[in-house]
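Make the full structure from the sequences, and use the hints.
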Amino acid sequence: MNKTTAPAPRLLIALAFLALAFLLLPLIGLLLETPWTRLPELLTSQAATEALRLSLVTSLLAAFFATILGVPLAWVLARKEFPGHRLVRGIVLLPLVLPPVVGGVTLLTAFGRRGLVGQYLYDWFGIQLPFSTAGVVMAATFVAMPFLVITVEGALRSIDTRYEQAARTLGARPRTVLFRITIPLISASLFAGIVLAWARALGEFGATITFAGNFPGVTQTLPLAVYSALEVSRDEAIALSLVLLAISLTVLVSLRGRFLGGRS
Amino acid sequence: MSVNARIITRVGDFHLDAEIACEPGETVALLGPNGAGKSTVLRTISGLLPIDDGYIRIDATTVDEPATDAFIPPEHRRAGMVFQDYLLFPHMTVRQNVEFGPRNQRKDHNVAPWIDALDLGDLLNRKPAQLSGGQAQRVALARALATDPRLLLLDEPLAALDAATKAKVRGDLRHYLQAFAHGTVIVTHDPLDALVLADRIVVLENGRVTQHGPTAQVASEPRTDYLAALLGVTLIRGSVHDGVIACDGGGTLISSTSLSGSVVAVIRPQAISLHTNKPEGSARNVWQTTVAAIDAHHDQVRIGLAGPPALTAAVTPAAVAELAIAPGLQIWASLKATDIAVYAS
Chain W
0 MNKTTAPAPR LLIALAFLAL AFLLLPLIGL LLETPWTRLP ELLTSQAATE ALRLSLVTSL
60 LAAFFATILG VPLAWVLARK EFPGHRLVRG IVLLPLVLPP VVGGVTLLTA FGRRGLVGQY
120 LYDWFGIQLP FSTAGVVMAA TFVAMPFLVI TVEGALRSID TRYEQAARTL GARPRTVLFR
180 ITIPLISASL FAGIVLAWAR ALGEFGATIT FAGNFPGVTQ TLPLAVYSAL EVSRDEAIAL
240 SLVLLAISLT VLVSLRGRFL GGRS
Chain Y
0 MSVNARIITR VGDFHLDAEI ACEPGETVAL LGPNGAGKST VLRTISGLLP IDDGYIRIDA
60 TTVDEPATDA FIPPEHRRAG MVFQDYLLFP HMTVRQNVEF GPRNQRKDHN VAPWIDALDL
120 GDLLNRKPAQ LSGGQAQRVA LARALATDPR LLLLDEPLAA LDAATKAKVR GDLRHYLQAF
180 AHGTVIVTHD PLDALVLADR IVVLENGRVT QHGPTAQVAS EPRTDYLAAL LGVTLIRGSV
240 HDGVIACDGG GTLISSTSLS GSVVAVIRPQ AISLHTNKPE GSARNVWQTT VAAIDAHHDQ
300 VRIGLAGPPA LTAAVTPAAV AELAIAPGLQ IWASLKATDI AVYAS
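In order, the protein sequence lines correspond to chains W and Y.
Here numbering that gives the first Met the number 0 is used: the first residue of the first sequence is 0, the next is one more, and so on.
Here numbering that gives the first Met the number 0 is used: the first residue of the second sequence is 0, the next is one more, and so on.
Just so you know, the hints here were simulated from the structure itself, not pulled from any lab data.
Quantities reported herein were computed from a predicted structural model and do not represent experimental measurements.
Glycine included, every Cβ here is placed at the ideal spot set by N, Cα and C.
Be a bit skeptical, because a hint or two may be false.
Calculated from the model, a selection of chain Y residues having no Cβ within reach of chain W, i.e. all distances over 10 Å [to be verified]:
(1) Pro-72
(2) Ala-143
(3) Ser-261
(4) Ala-325
(5) Pro-326
In silico EDC-like links for lysine to aspartate or glutamate, alpha-carbon gap of 20 Å or less [claimed, not checked]:
(6) Lys-167(Y) / Asp-189(Y)
(7) Lys-165(Y) / Glu-98(Y)
(8) Lys-126(Y) / Glu-163(W)
(9) Lys-106(Y) / Asp-51(Y)
(10) Lys-126(Y) / Glu-98(Y)
(11) Lys-126(Y) / Asp-234(W)
Derived coverage of chain Y by chain W (criterion: at least 3 residues anywhere in the stretch with Cβ under 8 Å from a Cβ of chain W; other residues may be distant) [said to hold, decoys possible]:
(12) 245-252
(13) 332-338
So this is what it looks like as structure tokens:
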């Protein structure tokens, strides 16, 4: 016990327990209602395996795109001063606070068949992004990228840039400095950012259903499958939820050192 | 010339305007107080900071000259730099750190000569976090030398070491620098580093060169208050006529100089003797004064004497007890004319 801590008011303790119960009870409810004996059968149904496969593929692709686009953006934000810096940063962070369904609507206005860019993609190349698997990846990337950008930007700001200067005096060109010094120095945060972005992409619902729709085998990811299953089979919805819960717990444990203040 | 530069640059409110030159095989110490601009000079020579005006030439190559838009980036200057806290790449082993430079230059990766010369054989697979200060310093030096630089720049190479290690590393460093065929510029605020390592000293104060010359000369003829204090001597400015110095701060001193006009006089504190009664003897300067301050200074006690002229005497702790020296005490001081070194200013 830390003796310097002031004694806690009883009301505070009571409310803290209430908060914990509020977070814990739904999990207990899910576990209690899980049809354990039917679980293998429920999770191997065609709808479930298709949704699981689609979720894994699209979320990994989204994490990939969020990384190769987000790292350069984070670098520019961390290292370059330019007019409108704050505005750019605000735009980057917007998807964090924007309701995902609104994100989906904005994607439609940009990439829909009559959207800003989408009309040309369709007219000139016959490319139709909404209601396709590519659309699922886009929606997930849209909501997931900010997590990667803010994590990596913070890391880039916190490392000692003199290591990069030392590398240049040793004959390293800017590209060599980036790949052999900067990225290795931020590797822990970069990994954390990728995992966070991937987890966010995996759980994406609102922007996906708005922009990509809910078509089994094409755009119906796990969260969408849970939502659809609720209307027909509560057991199936619970079984799929359990899968998502297991993945979330795994992510949490793998990142425990970085975000929970524990030791990695 | 290994390096020849007139460096003019402004960093915030700080204005630097310094000339520096270094011959091949020579070690030049850039000596000055904190904030004098010493590290800024190294950053401009290495290319990490562009200059606003002037020129920097390494060997015969102009690497920075704003007037002609010449600027060669640091990775192409071949100026090896050792940073104050070494900046060994924490994610690489000692070997990878040393090989980093040659790899960038696409040269053969044989760094064995440097590993032998700096005795790193047992450390190759360690990470920087597992090295002592002295070891890290050797790795940093090997890393810089492995790029086959045309010029070596050392920024306070001994400042991060503890006192016990410092003396040994200073000696080793002298040995390595003597073997280095090109020029070395070493930044330091420690006069001992400059005396031991440098052939020439350039004194930098507040962005300006205030004195420069061969090491022995600069050490024996300090022309600035900073350098005098650093070397533990007192500097008196004044004008001399027939050997008598009229000090700018008041008072006179009798010297043996044949100069006349404006001069600086350098007086070692050990040259001043203190007495309870008026001393008999040959000293030409004998005067009564008041003890203004007492300061323990290693194995000596420094006694500040109220002027004019205000001077500092150094005596043994035993003498302090014997003479019952205390602030405010009236005391006699004596100083031989031949112990006052006088230089034209």
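Next on the checklist: Hinted pair, alpha-carbon criterion (20 Å max): Lys-167(Y), Asp-189(Y). Please report holds or violated.
Outcome noted: Since the Cα atoms of Lys-167(Y) and Asp-189(Y) sit roughly 15 Å apart, the hinted pair holds (cutoff 20 Å).
Checklist entry - Would Ala-325(Y) pass as off the interface with chain W, using Cβ distances and a cut of 10 Å? => result Ala-325(Y) clear of chain W: closest Cβ-Cβ about 47 Å, beyond 10 Å.
Next on the checklist: Between the alpha carbons of Lys-106(Y) and Asp-51(Y), is the straight-line distance 20 Å or under?
Outcome noted: 34 Å, violated
Next on the checklist: Hint check: Lys-165(Y) vs Glu-98(Y), CA-CA at most 20 Å. Holds or violated?
Outcome noted: Violated, at about 26 Å.
Item to check | Least C-beta distance between Ser-261(Y) and chain W, which was stated to exceed 10 Å | outcome: 44 Å, holds
Checklist entry - Keeping to a limit of 20 Å between CA atoms, is the pair of Lys-126(Y) and Glu-98(Y) held or broken? => result Holds. Lys-126(Y) to Glu-98(Y) sits at ~14 Å (cutoff 20 Å).
Item to check | Given pair status - Glu-163(W), Lys-126(Y), alpha carbons within 20 Å | outcome: Judged against 20 Å, a Cα distance of about 18 Å means the pair holds.
Checklist entry - Pro-72(Y) clear of chain W by more than 10 Å, beta carbon to beta carbon? => result 7 Å, violated
Checklist entry - Should the label of Pro-326(Y) as a non-interface residue stand, given a Cβ cut-off of 10 Å to chain W? => result Fine: 45 Å to the nearest Cβ keeps Pro-326(Y) off the interface.
Checklist entry - Counting residues of the region 245-252 of chain Y whose CB is closer than 8 Å to a CB in chain W, do you get three or more? => result violated (count 0)
Checklist entry - Is the nearest Cβ of chain W still more than 10 Å from the Cβ of Ala-143(Y)? => result Incorrect as stated: the minimum Cβ-Cβ distance to chain W is 7 Å, not above 10 Å.
Item to check | Check of the region 332-338 of chain Y against chain W for coverage (Cβ-Cβ below 8 Å, three residues minimum) | outcome: violated (count 0)
Of the numbered hints listed earlier, those contradicted by the structure are 1, 2, 7, 9, 11, 12 and 13.
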